[in-house]
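*Asks:* Sequence:
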Amino acid sequence: MTSLIPGLSIVPQLVFDPNIPRDVEVACKVIEAALTALGLPYQWGGGALDGPTMGDGTGGATAGYDCSGLVRFAVFQATGEELPRTSQIQFTVGTQISWDSAQPGDLVFGNWQADGANHVAIYLGGGRMIEAPQTGQRVQISDVRSDMVPVRLF
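Mapped onto my numbering, the consecutive letters of the sequence shown carry residue numbers 1 to 154.
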């Protein structure tokens, strides 16, 4: 199944494998919610269930998101379900899957440290993801990095 988010030509075509069970409608809603944050600044600790916040303010004078705040916001907007606040704990909520099974809307985790995954993003398919990368950057669409692991929530 193919879906294109209306009005956003920078988003890659979302392609879902009909042989892999998943809730395509929810996956599209998660992506749509995350896309509303494109261009907002990274704010460490930023992001609430209803939108961007100032976090610790190191990202400037505009409200924004950190990586787990962006994911938490998008999932809540799409499902009404509240994820834990940090990427380390978010990793434990879903089911780790192979890259062969990864579909748009799955979460991808990376930047592995002693305490676990220190980064999370939303997979768009085609090796791309939407993420709040780090202080000094903005929410953007990026290439998936080699250390990332896909996880399915729904």
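Source of the hints: derived by calculation from the structure; they are not laboratory data.
Built from N, CA and C at the ideal position, the CB exists for glycine as well.
One should not assume that every hint holds.
Claimed, not checked - Label-pair ranges, simulated between beta-carbon atoms:
| id | residue 1 | residue 2 | range |
| --- | --- | --- | --- |
| 1 | Gly57 | Thr36 | 17 to 27 Å |
| 2 | Asn19 | Gly57 | 11 to 21 Å |
| 3 | Gly39 | Gly126 | 15 to 25 Å |
| 4 | Met54 | Ile89 | 34 to 44 Å |
| 5 | Thr79 | Ile20 | 26 to 36 Å |
*Asks:* Can you list which hints this structure breaks, lowest number first?
*Replies:* 2, 4 and 5
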